[in-house]
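Asks: Listed below, chain by chain, are the residues.
Protein chains: 2
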Amino acid sequence: MDNEPNLRRRDLLALIGTVAGSSAMYHAMTSLGFASESAYRGPVKLEGNAKGASVLILGAGLAGMTAALELRKAGYKVQILEFNSRAGGRNWTIRGGDVVTELGGFKQKCEFEQGLYINPGPWRIPYHHRALLDYCRRLNVTLEPFIQLNHNAYLHAARAFDGKPQRIRSVKADFQGGVSELLARVTQQGKLDETVSKEDQEILLQSLRAWGALDRDHKYNANLISAEFRGYARDPGGGLTADPLPSEPVGLSEILRSRLWRYLQAFARYNFQTTMFQPVGGMDAIGKAFAREVGEVIRYNARVTQIQQNGSGVTVSYVDAAKPSIVQQATADWCICTIPLSILSQLPLDVSGPMKNAIEAVPYAGSVKIGLQFKRRFWEEDEAIYGGISFTDLPIRQIAYPNYGFNRSGRGILLGAYLFEGANSYEFTAMSPAERVASAVEFGAMIHPQYKHEFENGVAVAWHRVPFTLGCSGEWSDAARTQHYRNLCQIDGRIVLAGEHASDLPAWQEGAILSALDAIGRLHERVVKT
Amino acid sequence: MDNEPNLRRRDLLALIGTVAGSSAMYHAMTSLGFASESAYRGPVKLEGNAKGASVLILGAGLAGMTAALELRKAGYKVQILEFNSRAGGRNWTIRGGDVVTELGGFKQKCEFEQGLYINPGPWRIPYHHRALLDYCRRLNVTLEPFIQLNHNAYLHAARAFDGKPQRIRSVKADFQGGVSELLARVTQQGKLDETVSKEDQEILLQSLRAWGALDRDHKYNANLISAEFRGYARDPGGGLTADPLPSEPVGLSEILRSRLWRYLQAFARYNFQTTMFQPVGGMDAIGKAFAREVGEVIRYNARVTQIQQNGSGVTVSYVDAAKPSIVQQATADWCICTIPLSILSQLPLDVSGPMKNAIEAVPYAGSVKIGLQFKRRFWEEDEAIYGGISFTDLPIRQIAYPNYGFNRSGRGILLGAYLFEGANSYEFTAMSPAERVASAVEFGAMIHPQYKHEFENGVAVAWHRVPFTLGCSGEWSDAARTQHYRNLCQIDGRIVLAGEHASDLPAWQEGAILSALDAIGRLHERVVKT
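Residue numbers (the numbering used here), protein chains in the order written: chain A, 50 to 579; chain B, 50 to 579.
FYI, nobody ran anything at the bench for these hints, they're computed from the structure.
Please note that a few of the clues may not be correct.
As the list claims (entries may be wrong) - Think about it this way: if two alpha-carbon atoms lie no more than 35 Å apart in a straight line, the pair counts; the simulated DSBU-like pairs of lysine-lysine are:
1. A:K122 / B:K424
2. B:K240 / A:K213
3. B:K158 / B:K578
4. A:K424 / B:K94
5. A:K94 / B:K213
6. B:K240 / A:K268
7. A:K424 / B:K122
8. B:K247 / A:K268
Let the hints inform the model, and build the full structure from the sequences given.
Replies: Here it is in structure tokens:
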């Protein structure tokens, strides 16, 4: 659910400017040696009189429940209408016995063993998502590490290394080693003399030797220096069988042509750096914790059909899932709408032209996640892979290993595919759930041959077919964001939008919460002033 | 406890050879795309008749208890003599209420809050320590991740950046960015034309752009590309306060001269790569789990004073800690001695000259660990540091953040110093425990100013003063290992040694276990054959 950032937009923004200013700001911020760069500065304080105003919130996802929790605390009368029969929205965990219904009539009953699960939506929390982490703390959600980088997981390309998966540690070490050897050579040949001082060249050589695991001649070779990073042919041991054997590095040309280096930076990106977290027992622990606080103001199974406003208030029409022919209405002074734009754009809605255009400007990303249950945790037992992710250029893109129940005997669940955007995502969405699962097993077996014998059952969620979102997250283009983003976020009469789509953290739970906090802050300011 | 590998020795070994052979072996091993490089191949099978032979084991650490567990299963009569009143040896956890007694008369009573602890000895388990992990699984020891690399922890040098700690993520990104920019430039200048094909140069440039977070001109600059790795001046947010601001990179010259790059590879070394583990609740969960299996054969508080053997058996003299004047004796057909060489070298011992020389050839590494309790987990609350390690060139060397109780309110324990070998280790060992703690607080406050207000109490273990080991681990020199290692590991009459000192994994629990498995395998072979 957490997509790779859009580098083009960021590139553009960087060109537009703010660099000089930000540099000064950064130095100011870090003058104490530590600074939180997050917009979140602790629990929101809504000071001033709410004057008994009422707020109708559409959607009991994290944005809606954050708004409800904080507004109620500030003295507002709050009600939430929620499409599903549960709170959380995309904050969702699927377990054995759960039924998953998709547009198109597909219905799956999950057959996972008790205690096992997958998170079809968000599944990881970065350390710098300060707002989300603060709510987890305040709401007593217990966290455990989510392993993003596992050096012993695989990188795989169908046309490289005869299709054999490579350990991340060896690709990483060989790339660093090859690049370091190249740069060390040109340094020693005097080819940096124009740009790097002699003194810095000396230190550069030392650093390349360390960083690249080079030998004394600044070569990256098969020896116990490179083995200390890429792994051994035989590990050091004990007693009379202790001697280690080095492994054989792959040459830089082969590494470059394999294109496997493309995956290495996935682990160093800001949103994927250590330390990441997941809630113990499933991501929905967060949605449930919010619902413990605000559950009594949630009206479940309420499908919104129309949103109207005038100078004095908001009227929202909705139907109950069990009685779809009877239209009901809810009214309030204000409305915070967290309905995904994919759905909101199809509803009659009284807002200005600019906001309407904004709502229609954002397509929703497709995403498919497939959970597979196996008889045993062969990835741990046979391959020493504990948590983390293997990346592949096969249509399944990723295989993610569970970050709970480490080193135990018995069954386990893999995330057997995680497609985000792109053609493969549409292909898998077009399949029936059973076909998706079968396909994930077929492709996954090219990386883990044990699949064939160990697979038991699976569940597949294609977000474009999920009735309550019709997509995974708002997929802002650079142009759309420049033209429409601020119009989307303005308070329009008595309506303001919130959710990950109203943030610069698309698809992340933090974006949903920060957008809600920003929206209620502005709403409250308006209420206090009028 | 787990020391950095001795690169000189490995360098030497690499020069000595085995490369060609190992390469072929590696390719053979990895033909299935996955291979365990460990010497451990699953539970040891001691087949053949033990003929009712008895084995006396000295030391109830992991080596001794592994030997006891497996030998008893194979039909041997087993007894263990243990110096301490508990099992585990260096597998040890200190909690509130525990009393720590050192040579020199120092006695500390730990005042940690209930539920908090430090592991003064081993504290982390690599994924490739297959034997240890298998025993954890078989003995039901629950594991959780140990965070080694935390991108948001610090690197610190007293004389760099005016003494301000730098986030690991920014040093890493800036080093990679600077190096990538340099290599990209010489590539574009044609300076690699002799050594790298044109086609590879193209891919190299792409890879450097990705790896180094370079812009389209292959420059590493302040923009949202580099911010995506080194961090932002202001993070992306929500609503109308969403725009991120890039941070300002540090130039390569400053990074090089800071020497902070020295620490970056600490996270990529084979023994420190993800995924690492710790037992839930403290490392001593492992020792306790072994003791649940073999506890009834352990004689506690037994200090060995002499080890004699003749053609028919072994006689070990010992005294009880409570009655040190009464010498008692234990006899058996065979003896597995896991007593640290630092202590064994001081005992009367009937073994051959070569083994005696080996025992005397290995000094023991000094190591100091200091646990500090604070009123609150300020490193998480103020600085978003969850687990992992900050490195510094101050005498404390490391500050390690707890990998349990993440994101909770209330007290927490830092490992406030971890000295391994070197002058600082001796200095801290020479201090009283109270001085060590005070010193750790003083130095630590240079990285975390909150120390001054939040510190409550601490406990300091200097391994050279720990009565049952007189050091942290066997510190083999290259020369000593070449000359003595095999002599140390041979079965000498009826005595064989085991422990981390009898392995090529010094200071690691895996070394202790593998050495025990190797020793009992050879011992059993001899028993079966005779």
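Asks: Are B:K240 and A:K213 close enough, with their CA atoms no more than 35 Å apart?
Replies: Between B:K240 and A:K213 the Cα gap is close to 34 Å, so the pair holds against 35 Å.
Asks: Taking only the CA atoms, is the gap from A:K424 to B:K94 under or equal to 35 Å?
Replies: holds (26 Å)
Asks: Given the hint that A:K94 pairs with B:K213, test it: the Cα-Cα distance must not exceed 35 Å.
Replies: The given pair, whose Cα atoms are some 32 Å apart, holds under the 35 Å limit.
Asks: Given the proposed pairing of A:K424 with B:K122, does the C-alpha separation stay at or below 35 Å?
Replies: Judged against 35 Å, a Cα distance of about 29 Å means the pair holds.
Asks: Hey, B:K240 versus A:K268, does the alpha-carbon distance stay inside 35 Å?
Replies: The hint holds at about 18 Å.
Asks: Is the straight-line distance between the alpha-carbon of A:K122 and that of B:K424 35 Å or less?
Replies: Within the cut-off at roughly 29 Å; holds.
Asks: Check whether the Cα positions of B:K247 and A:K268 lie no farther apart than 35 Å.
Replies: Judged against 35 Å, a Cα distance of about 22 Å means the pair holds.
Asks: Given the hint that B:K158 pairs with B:K578, test it: the Cα-Cα distance must not exceed 35 Å.
Replies: Violated, at roughly 52 Å.
Comparing the model with each earlier hint shows a violation of hint 3 alone; every other hint is respected.
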